[in-house]
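Following UniProt numbering, the numbering of the sequence shown begins with 1 at its first residue and continues without gaps.
No incorrect hints appear here.
Simulated restraints, written as ranges between beta carbons of each label pair: (1) His-68 with Asp-32: 25 to 35 angstroms; (2) Gly-102 with Trp-123: 34 to 44 angstroms; (3) Asn-101 with Leu-70: 15 to 25 angstroms; (4) Trp-124 with Ala-18: 33 to 43 angstroms.
Derived pair list, reagent style SDA-like, types lysine to any residue, alpha-carbon separation capped at 25 angstroms: (5) Lys-6 with Ala-46; (6) Lys-6 with Val-22; (7) Lys-6 with Ala-18; (8) Lys-6 with Asp-100; (9) Lys-6 with Asp-95.
Just so you know, these hints were derived from the structure itself, not from any lab.
Note that the Cβ used here is the ideal one computed from N, Cα and C, for glycine as well.
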Amino acid sequence: MTIANKTIVQRALAGLIATGDVDTLASSLSNDFVHHRPGAAPSTRAEWLAAVQTALGPTAGMQVEILHLLADDDHVVVHSRRRLPDTGPEIVVVDVLRIDNGLIAEGWEIIEPVAQAAANMTWWEAAQH
Numbered sequence: 001m002t003i004a005n006k007t008i009v010q011r012a013l014a015g016l017i018a019t020g021d022v023d024t025l026a027s028s029l030s031n032d033f034v035h036h037r038p039g040a041a042p043s044t045r046a047e048w049l050a051a052v053q054t055a056l057g058p059t060a061g062m063q064v065e066i067l068h069l070l071a072d073d074d075h076v077v078v079h080s081r082r083r084l085p086d087t088g089p090e091i092v093v094v095d096v097l098r099i100d101n102g103l104i105a106e107g108w109e110i111i112e113p114v115a116q117a118a119a120n121m122t123w124w125e126a127a128q129h
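Please put together the full structure from these sequences, using the hints given.
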């Protein structure tokens, strides 16, 4: 099951990254898919796909490097580094995806701009003052 779940995620990401094909991504999502991101309300399948489609314009040509693709039971974790063309900003993203009946049913996404990573190494210090 773990290898099959990784394959589901790889296929969805490959279609989106290589061609900007939101339909390939959509076909990998369950109808009741929910997307979670810190500081934001959960998104429905339709809301999240619309957000992904909107982001494709400003992120055209983005380079995506998959650093880790790990699976455990019904969860797949993708750790990636993404950068805009030329000298554009760079982010690191961790996606945790839950697979149910061969489809991505839920996703959690954490994004950190690389330029701000050093400041976040001591995030607790601000709370002490």
